[in-house]
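Here the protein sequences come in this chain order: A and B.
The opening residue of the first sequence carries number 12 in my numbering; numbering runs sequentially from there.
The opening residue of the second sequence carries number 1236 in my numbering; numbering runs sequentially from there.
To be clear, the hints were calculated from the coordinates, so they are not data collected in a lab.
There could be a bad hint or two in this list.
Distance ranges between label pairs, derived from CB positions [unchecked claim]: (1) B:1319 / A:167: 35 to 41 Å; (2) A:159 / B:1323: 23 to 29 Å; (3) B:1323 / A:112: 17 to 23 Å; (4) A:45 / B:1322: 24 to 30 Å; (5) B:1263 / A:129: 35 to 41 Å.
Which residues of chain B face chain A? A few of them, derived with a C-beta cut under 8 Å, are [as the list claims (entries may be wrong)]: (6) 1263; (7) 1269; (8) 1271; (9) 1276; (10) 1280; (11) 1286; (12) 1290; (13) 1326.
Every residue gets a Cβ at the ideal spot worked out from N, C-alpha and C, and that includes glycine.
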Amino acid sequence: MLHCFLPLDDFQILWLVLEVGSGSGQHTQHFSSHYPNVVFQPTEYDVGLLPSIEAYSQDLNQHGHHIKRPLELDATNAAHWKAVLESGLEESAAGSTDGAAGCYDLVMTTNVFHISPWVVGESIVRGAGKVLSPGGHLIIYGPFKKNGQFNTESNREVSLSSFSFSSYSYS
Amino acid sequence: MISTPESASSQTTEPSHQGINFQQNMSEYIQVDRKVFFAAADRNKGVILDQMKPYLDQSRLGNYFFFPYCYPVHFSFPGICFIVSYLWMIFKYFG
Chain A
12 MLHCFLPLDD FQILWLVLEV GSGSGQHTQH FSSHYPNVVF QPTEYDVGLL
62 PSIEAYSQDL NQHGHHIKRP LELDATNAAH WKAVLESGLE ESAAGSTDGA
112 AGCYDLVMTT NVFHISPWVV GESIVRGAGK VLSPGGHLII YGPFKKNGQF
162 NTESNREVSL SSFSFSSYSY S
Chain B
1236 MISTPESASS QTTEPSHQGI NFQQNMSEYI QVDRKVFFAA ADRNKGVILD
1286 QMKPYLDQSR LGNYFFFPYC YPVHFSFPGI CFIVSYLWMI FKYFG
């Protein structure tokens, strides 16, 4: 009932989530479909996939969801991280007065670390430290083992298939 | 060399061969218009979201007043949720 008396625009909590390595955009769409109040910023190293991410996003944005235009992000490129931060600050300036250092409440990356060169993982951690707001979280999802066992069958498959990516060179 | 990031406007979807191999198994990849569909990504999206929920649900706590139907704990502990969310909002804006 309180929303009848409070100005919604002033009290709307803005949640910013940065996804590093959005791929085709399927995951971003799935996450946003369950969390329409969250603003997602998708990014991808392969610029050829940015239109796909945007196409998935437009489906939901037409219904009031908040997926920002995808950005190219080579995790080793400082200029890209700066652009990601500026994009987030544009959002937070409209609805939050949090500290100026970082603005994202969450940085997530899924199935990236185990198929990319180590420097990429290092760069993601370093970049997340610059764009996260105080108290924010970095989530690294991958086929990790817990007590020596994969927790899902799909993670076991991903781990096995990753051996075929060993010839990939990050340029 | 420092390059400026590209945006997605008016581009067509052209995932590189290298990128496809990098992302998923190519045999499980299809494209319809601009959308690329990776079967493996579709299979594990639910599992990944389950792992993200403890963090993403924090966004709903902040919107408790406006989206109470989104927060299932409300039905078990409505009083606690009300107080916690109210304090959280105060901290978020005035803390």
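Checklist entry - Between residue 1319 of chain B and residue 167 of chain A, does the beta-carbon spacing fit 35 to 41 Å? => result holds, 38 Å
Checklist entry - Taking 8 Å as the limit, does the beta-carbon of residue 1269 of chain B come near enough to a beta-carbon in chain A? => result At about 4 Å, which falls below the 8 Å cut-off, the nearest Cβ of chain A leaves the hint on residue 1269 of chain B intact, so it holds.
Item to check | chain A contact restraint for residue 1276 of chain B - C-beta distance below 8 Å | outcome: holds, 5 Å
Next on the checklist: Given residue 1286 of chain B as an interface hint, is its Cβ closer than 8 Å to any Cβ of chain A?
Outcome noted: Hint on residue 1286 of chain B: holds, closest Cβ of chain A at ~6 Å, below 8 Å.
Item to check | Restraint outcome when residue 1271 of chain B is required to lie within 8 Å of chain A by C-beta distance | outcome: Hint on residue 1271 of chain B: holds, closest Cβ of chain A at ~4 Å, below 8 Å.
Item to check | Range agreement (Cβ of residue 1323 of chain B with Cβ of residue 159 of chain A, hint 23 to 29 Å) | outcome: For residue 159 of chain A and residue 1323 of chain B the Cβ distance comes to about 38 Å; the hint is violated.
Checklist entry - Can we keep the residue 1263 of chain B interface hint, with Cβ of chain A closer than 8 Å? => result violated, 10 Å
Item to check | Pairwise beta carbon distance, residue 45 of chain A to residue 1322 of chain B, judged against the given window 24 to 30 Å | outcome: holds, 25 Å
Item to check | residue 129 of chain A and residue 1263 of chain B - C-beta distance against the hinted 35 to 41 Å | outcome: violated, 27 Å
Next on the checklist: Hint validation: residue 1280 of chain B versus chain A, beta carbon distance must be below 8 Å. Holds or violated?
Outcome noted: Interface hint status for residue 1280 of chain B: holds (4 Å vs cutoff 8 Å).
Next on the checklist: Against the range 17 to 23 Å, how does the distance between the Cβ atoms of residue 1323 of chain B and residue 112 of chain A compare: consistent or not?
Outcome noted: holds, 21 Å
Checklist entry - Does residue 1290 of chain B pass the interface check with chain A, least Cβ-Cβ distance below 8 Å? => result This interface hint holds because 6 Å falls under the 8 Å limit.
The structure fails to meet hints 2, 5, 6 and 13 from the earlier list, while all remaining hints are met.
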